[in-house]
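Residue numbers (my numbering), protein chains in the order written: chain A, 1 to 257; chain B, 1 to 248.
No lab work stands behind these hints: they were computed from the structure. What you are looking at is a predicted structure, and each value in this text was computed from that prediction instead of being measured. Among these hints, one or two may not hold up.
In silico DSSO-like pairs for lysine-lysine, Cα to Cα no more than 27 Å straight-line [as the list claims (entries may be wrong)]:
(1) K190(A) x K140(A)
(2) K36(B) x K86(A)
(3) K158(B) x K109(A)
(4) K86(A) x K35(A)
(5) K146(A) x K109(A)
(6) K36(B) x K203(B)
(7) K89(A) x K158(B)
(8) K109(A) x K140(A)
(9) K185(B) x K36(B)
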Amino acid sequence: MFDGASPMLSVPPADLPIVQLLDVHKSFGEAEVLKGISFAVRRGEVVCIIGPSGSGKSTLIRCINALVPLTSGMIRVDGIEVADPKLDKLALRRKVGMVFQQYNLFPHKTALENVMMAPIHVLGQDRREVEVRAHALLAKVRLAGKEAAYPGEMSGGQQQRVAIARSLAMRPDVMLFDEVTAALDPETVKEVLVTIRELAEEGMTCILVTHEMNFAREVADHVYFTDRGVIVEHGPPESLFSSAVDPRTRRFLSQVL
Amino acid sequence: MDAVPNWFRSLYETTGFNFTVFYDPYDWHRYVNGLKITLLLMVTTILVSLVIGAVGAFIQGGPSRFLRSVVNGFVVVFRNTPPLVQIFFFYFGLGTLLPAARTADGLRVPLLDNVQWAIVSLALFAGAFNVEIFRSGIEAVPRTTVEAAESLGYTRRKAYLYVVLPLALRVCLPALNNNLINLLKTTTLAYAIAVPETLYAVKQIWSESQNVLEMMMVLLATYAVLVGVLVWIMHRWERALRIPGYSR
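All chains should be modelled from the sequences, with the hints used to inform the complete structure.
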């Protein structure tokens, strides 16, 4: 039913899931990390994926922008089949922005250049136009005045906000956040979360792997609890956090809440 | 204007130290021409060998097994054989196989002259080392930095050009310095195929003027200064590439 596009065309695009996963499997050698993950994210939705370490959360999110190839299953992002061997990676990555745990800024470039690089190098956009946009994006993540700073001169929270601005400069439709506060000092976690919350409020589709349960509870429309490569339980945050059914979910929540 | 020649002429008359290059215009001319050829060899072989190193290292990290083994074979051949033998091979071996034009008098005009062959073989020789040097720098660039570039839509080639290579260069610059200094000194091997570089010119001067010791001193001082200048340039470059707040 997911193969035939025709019956779905009658549905208004706004209701179509922008990201759709069906029975996604991923093995690294003998180890099967994802054992049949299916879910769908609608445009403007904020989805959080929680779960113990090693449950495959990061692998899952990295499959969505094809950093990790699937073993089997289907991922579709706004009409693009990610598992297609002839996948146009650039088309996919224009739609999907990604922010990493370790920021991964380009250390030899200033904050402003980090934001400007991809639109110029990848999309071939006009330098002056990109520069105007980059200034606006840095202001948006509250880093006006830090344009000339190198990543090594900024705090983790500042670097992570530059990384968010860098992703936004490509004007993505979906943003992936892979434990983006896990490497930060407690006092800088908040500034990054505020930035993500603002994005979510503006209607950006966000998929977050996170350990920030309070943040997930406040911001997410839907929360997925994963353990050992499967989705154990999911639901709106108010029900998942207060009345989880599965004992694994309950045990995990009792440890982190 | 004539102070320097006069001083060296009187030095010869009073002490017997005969620095003909500094007062005999003919010798001076030969020396300067030799120096020019050495500079030509140095600049061209450094530039070409850097390109060979950067391209070779890019191919080495690429998906094509065939191209990878071509690069590996190239590195093995040029690292495992003496540079003088390589120069002979190119000039006397390959050079005679290539088609050549003939002048009206029937003289053979080869496709590449001895200076060009020296540039080709020295650039390949140093390039083979540069491939390995660049590779060491590339391996020090975190995989996650490359992933960040990929997730921004960079192709492998663009990520290499704008992210990997600039970072790798900073890591491998000390090793690169060493190789380029060695390359500069290895240009003297072009002497063996009669390229009129500094060593060749100085040798001609001392065999005609019978001043081996003096010219030897001039020769050693010349290379010491040339290497000093190269080191100074490389250090300037290293400083210019230094990233504020970034250390490994």
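Here is what the structure says about each hint:
no., hint, in the structure
1, K190(A) x K140(A), "holds, 15 Å"
2, K36(B) x K86(A), "violated, 54 Å"
3, K158(B) x K109(A), "holds, 16 Å"
4, K86(A) x K35(A), "holds, 24 Å"
5, K146(A) x K109(A), "holds, 12 Å"
6, K36(B) x K203(B), "holds, 16 Å"
7, K89(A) x K158(B), "holds, 14 Å"
8, K109(A) x K140(A), "holds, 20 Å"
9, K185(B) x K36(B), "holds, 15 Å"
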